[in-house]
Amino acid sequence: MKYRLIYVFILFNFQLLLMIQEGYCQKLKDTITINGITVSEKRLNPLLGLKTCSIDSLTLEKNTGASLSDLLSSHTSVFMKTYGQGGLATASFRGTSASHTPVLWNDVAINSPMLSQMDFSMLPVFFMDDIKLMYGGSSLINNSGGLGGSINIENKSSKEKLNISYIQQIGSFSTYGSYLDVGVGSGKFHSRSRLMFLTSANDFSYKNNTVGNDEYPVEIRKDAAYKQYGWLQEFYFQPKVTDELGVKLWFQKNERDIPQPLVVLPIDQNEQQKNSVFRGTANWKHYQGKGKLETSIAYIYDFLNYSNKIAFINSDNRTHTFAVNVKYRYKFSEKTTLNTGITNDYYRINSNNYMDIKTRNQLSAFVGATSEITPRLAVNAVVRKEVSDKDFQPFLPSLGIDYHLLKDNSLLLKAHISKNYHLPSLNDLYWSPGGNPELKPEDGFSTEGGVAYEFKKKSLFSLITEVTYFYTHITDWILWQPDPVFRYWTPLNLKEVNTQGLECNANLVYQLKTMVFRLNAMYSYTSARNLKPINQNDNTTDKQLIYTPVHSYNASLRAEWKTYFLSVASHFTGKRFTNTSNTRYMPAYQLTDLSLGMTFPFKNMNHNSFSVQLNVNNLFDIDYQAIAWQPMPGRNMEIQLKYNFKNK
Amino acid sequence: MYIRFSFIVMIFTLLLSCSKDKEFGEVNTENTDYIYGKGVFIVNEGNYTNGNGSVSFYNFYTNKIYNGIFDAANKRPLGDVPVSMEIMNGLLYIVVNNSGKIEVVNPDDFKWIKTITGLSSPRFIMPVSSKKAYISDLRSAYISVLDLQTNSITKKIYCGKSTDRMLKYNNRVFVCNWSEYYVKVPNNTVQVIDCDNDLLIDSVKVGKEPNSMVVDKQNRLWVLSSGGYNNEEIPELNCINISNLQPEKKILFASKYLSPASLCTNQTKDSLWYISNNIYCMSINDNQLPATPIINKQHRMFYSMEVSAPNSELYVSDAIDYNQNGYIYRFTSNGSVIDSLHAGIIPGYFCFTK
Chain S
1 MKYRLIYVFI LFNFQLLLMI QEGYCQKLKD TITINGITVS EKRLNPLLGL
51 KTCSIDSLTL EKNTGASLSD LLSSHTSVFM KTYGQGGLAT ASFRGTSASH
101 TPVLWNDVAI NSPMLSQMDF SMLPVFFMDD IKLMYGGSSL INNSGGLGGS
151 INIENKSSKE KLNISYIQQI GSFSTYGSYL DVGVGSGKFH SRSRLMFLTS
201 ANDFSYKNNT VGNDEYPVEI RKDAAYKQYG WLQEFYFQPK VTDELGVKLW
251 FQKNERDIPQ PLVVLPIDQN EQQKNSVFRG TANWKHYQGK GKLETSIAYI
301 YDFLNYSNKI AFINSDNRTH TFAVNVKYRY KFSEKTTLNT GITNDYYRIN
351 SNNYMDIKTR NQLSAFVGAT SEITPRLAVN AVVRKEVSDK DFQPFLPSLG
401 IDYHLLKDNS LLLKAHISKN YHLPSLNDLY WSPGGNPELK PEDGFSTEGG
451 VAYEFKKKSL FSLITEVTYF YTHITDWILW QPDPVFRYWT PLNLKEVNTQ
501 GLECNANLVY QLKTMVFRLN AMYSYTSARN LKPINQNDNT TDKQLIYTPV
551 HSYNASLRAE WKTYFLSVAS HFTGKRFTNT SNTRYMPAYQ LTDLSLGMTF
601 PFKNMNHNSF SVQLNVNNLF DIDYQAIAWQ PMPGRNMEIQ LKYNFKNK
Chain D
1 MYIRFSFIVM IFTLLLSCSK DKEFGEVNTE NTDYIYGKGV FIVNEGNYTN
51 GNGSVSFYNF YTNKIYNGIF DAANKRPLGD VPVSMEIMNG LLYIVVNNSG
101 KIEVVNPDDF KWIKTITGLS SPRFIMPVSS KKAYISDLRS AYISVLDLQT
151 NSITKKIYCG KSTDRMLKYN NRVFVCNWSE YYVKVPNNTV QVIDCDNDLL
201 IDSVKVGKEP NSMVVDKQNR LWVLSSGGYN NEEIPELNCI NISNLQPEKK
251 ILFASKYLSP ASLCTNQTKD SLWYISNNIY CMSINDNQLP ATPIINKQHR
301 MFYSMEVSAP NSELYVSDAI DYNQNGYIYR FTSNGSVIDS LHAGIIPGYF
351 CFTK
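In order, the protein sequences belong to chains S and D.
Numbering follows my numbering, with no gaps: position 187 of the first sequence is 187.
Numbering follows my numbering, with no gaps: position 119 of the second sequence is 119.
FYI, nobody ran anything at the bench for these hints, they're computed from the structure.
Source: prediction; values computed, not measured.
Just so it is clear, CB atoms sit at the ideal spot from N, CA and C, and this is done for glycine as well.
Just so you know, not all the hints are guaranteed correct.
[Claimed, not checked] Far from chain S, by Cβ distances over 10 Å, these chain D residues were calculated:
{"id": "1", "residue": "S120"}
{"id": "2", "residue": "K132"}
{"id": "3", "residue": "N170"}
{"id": "4", "residue": "N325"}
{"id": "5", "residue": "C351"}
[Unchecked claim] Heads up, simulated EDC-like pairs for lysine to aspartate or glutamate below, C-alpha to C-alpha not over 16 Å straight-line:
{"id": "6", "chain 1": "D", "residue 1": "K297", "chain 2": "S", "residue 2": "D483"}
{"id": "7", "chain 1": "S", "residue 1": "K532", "chain 2": "D", "residue 2": "D321"}
{"id": "8", "chain 1": "S", "residue 1": "K385", "chain 2": "S", "residue 2": "D316"}
{"id": "9", "chain 1": "D", "residue 1": "K75", "chain 2": "S", "residue 2": "D214"}
{"id": "10", "chain 1": "D", "residue 1": "K114", "chain 2": "S", "residue 2": "D214"}
{"id": "11", "chain 1": "D", "residue 1": "K256", "chain 2": "S", "residue 2": "D483"}
{"id": "12", "chain 1": "D", "residue 1": "K111", "chain 2": "S", "residue 2": "D214"}
{"id": "13", "chain 1": "D", "residue 1": "K75", "chain 2": "S", "residue 2": "D483"}
[Unchecked claim] Which chain S residues stay away from chain D? Per the calculated CB distances, all over 12 Å, these:
{"id": "14", "residue": "T210"}
{"id": "15", "residue": "N275"}
{"id": "16", "residue": "T336"}
{"id": "17", "residue": "S388"}
{"id": "18", "residue": "L411"}
{"id": "19", "residue": "E454"}
{"id": "20", "residue": "I546"}
{"id": "21", "residue": "L614"}
{"id": "22", "residue": "D623"}
The following block holds chain S by itself, in its conformation from the complex (with noise of 0.2 Å):
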């Protein structure tokens, strides 16, 4: 009966949201709400005073055939700009670029060097076990240069002694997916292999809104075809209580046709994109006393191959990088830790767009100290040195403070200040033409406050929320221009940049009998303007920056019975203006997602499970663009069936 009424009422809600119009999403975007992470906050923790958000498992698992870019757009206040399905995805925080934005997987920063950019489709959920999203200044603990924050994926062994899973996914627009899980172990050793496979034609029929008079004309996406094929291997082994090794391989290629916007005439698969990556690492931990050292090292190699007809562009693009990190920690007693480190990472590249071969070496040291000063009261403070080159940049110091205001532990104040840098990247430096080898890296000053209220009533009711208030400067953003005697364009270090804003999320679980509904809700305010003027005839002074939305939301309401679940997951990307002047933009959206799964254990086969899952995306047939003229799929669906078997 109580479900019915719950029911009931669900539905009743949904005919209310048929009648309330325009005028209550007016009110909404101002109304504080939440997200689909947990918040993690643990005592003595290096990141106090600071914002850092982990993909729950649930979420995870039902992204499993997604790719980063999905997940991260759906399910966070990280804004990607993405091309579409399988096409160019990048991710920034709190209204910086891209560029800003580090991803580090097992501690090794995998941006392409070139670039400083990560392509978020390439990076496949299935090989992921950990993403923690470092807002602001927490990414300082790890690396430098993420002025919004930076993205951190851990791959983790399964404990069993065997467990097998196969994945098989069948979507709209002739895309499949498989995907293979083997894992293997004794008390000391473990192997676990995932290879997945991944193939679309991606020929999505969509409204052309650049042709036609009255009416928009009904075509069919062409040259958007993607191919993914991957294998992570990892091993890892367990000599001793103290000691832990491990070893992780990720080969992936990928392969790409690149639509054209819909304004430029079309050319049959005129642009192309194919790449190869490996990445390697190895890792050795080791436990002694009251310390921990870990050190790895990694190896990454990603060649890039892009071509474009009409242009007669064919460029290959290698590069090479090699790692060390020695990271150290030390427990003084149970309330101060110290924690020390240093990086190298050597960059080698060989472009077709570079003169010559060019290189980097980057050096890192870092030591910081956490404390707990009274039970209530804990402070961090890091400080890192680098050496790029044969550069010493300034200190990067920063300073985190918790507070817990009640006793019961259930209200903390966060606060944290800290100041950043990024190098400019080596296109910025070595581009042909172009580059401009005189550039000084981007300057970053951002400090952060927060609040976090914990409510839990035994089992059945649980809500975690968090506000942060965040504000960043940054000076001598690099901005690419048309040179005044050669006409390519050239980066120089030109812009001034205020971004601040409030993030608000929230995540509630309750309990129902059998049932158990969890709602993740977020908000984000961001305002990311333009300080200085080049001239002035310059009009972009105080303007959003472009693709910025100042507002986004999302949501994800499930419920689960037994082994069913239903999922719902709404987010909603504010306008986000397309030119410096602010005089265009692209209108909001909002997209709406529908889960339905279902896993069947086998009868006598105790450790075997079968499991379904269907996906509708853009539940309501949206017409949308994320990038001015890219268009993008309807109301498009996925099936996902399961195999697992587990011998503990």
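Guided by the hints, dock chain D onto chain S, whose structure is given.
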């Protein structure tokens, strides 16, 4: 508890309720209350592949500039990189380069009439009679012949080179071979077409990358060449006898890095103006280039220039940073500023009403 939970669910459904918005393409908020009359159209190129080019109109009577007029009248974008336009038989022809098309609109309300397709990379359109017009093309070795009665392409003239600016003199059409990028042959010629028979008949050598031409009062053809996109050669100003195609003057610029463009002349056809960072003016009788500009660029990035027919005012665009909306400056012929107007992104071409 139910109340609390219901409240949460209600908020959630409200969030969902912000659904269908009809608009899903880029919106241009610039003023749109277009009034036609005597004035000048400005073609704003916009950024390559961004589809943010537009047409502005500066009305001499209302003394106002109307921006984004195609988008406003037709509820769709003009296309990618509009580069030029022409008024022929009372209709406007807007050449949209990277969309491979020409949009034909009614000047009174700017409403769409027809889209001419079948072109690969059109650059300029020019009437050669009341019945036909020529369309030059960057990425093809042909000039297309447009029938102005049916507005369809009836013929192609083989040039073997990429074609650009055109100029008609009697029954001859002079065509700049501006680019070597797509059609890989030397781009240092001006070709001559017999427009009665639509035949390529001759060619004359000029500097690398000829970008603009005028005819002076002594019936001499002046051709300005930039020296190449990457400043490969010294820019040149060539003066050619239009009847026998014999060179009369060849004036070299001082350095490779001056990138001169937008050669213009006045109503009396006795003076020449051009942009080379600054704006320079010279007499057709000069044998060397002026040492000092008549207009200093200062902070501005002069991109394109045209001289208005009746009063010889200079219309000059400032592309600023090539990303934001640019400016149009009006100068008197001796270089004092009259006015400045806010146009679209990269204002590149002026088309005066007749």
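Outcome of the hint check:
no.	hint	verdict
1	S120	7 Å, violated
2	K132	23 Å, holds
3	N170	34 Å, holds
4	N325	5 Å, violated
5	C351	21 Å, holds
6	K297/D <-> D483/S	14 Å, holds
7	K532/S <-> D321/D	13 Å, holds
8	K385/S <-> D316/S	34 Å, violated
9	K75/D <-> D214/S	9 Å, holds
10	K114/D <-> D214/S	14 Å, holds
11	K256/D <-> D483/S	15 Å, holds
12	K111/D <-> D214/S	12 Å, holds
13	K75/D <-> D483/S	35 Å, violated
14	T210	5 Å, violated
15	N275	21 Å, holds
16	T336	41 Å, holds
17	S388	28 Å, holds
18	L411	19 Å, holds
19	E454	16 Å, holds
20	I546	9 Å, violated
21	L614	19 Å, holds
22	D623	5 Å, violated
Checked against the numbered hints above, the structure breaks hints 1, 4, 8, 13, 14, 20 and 22 and satisfies the rest.
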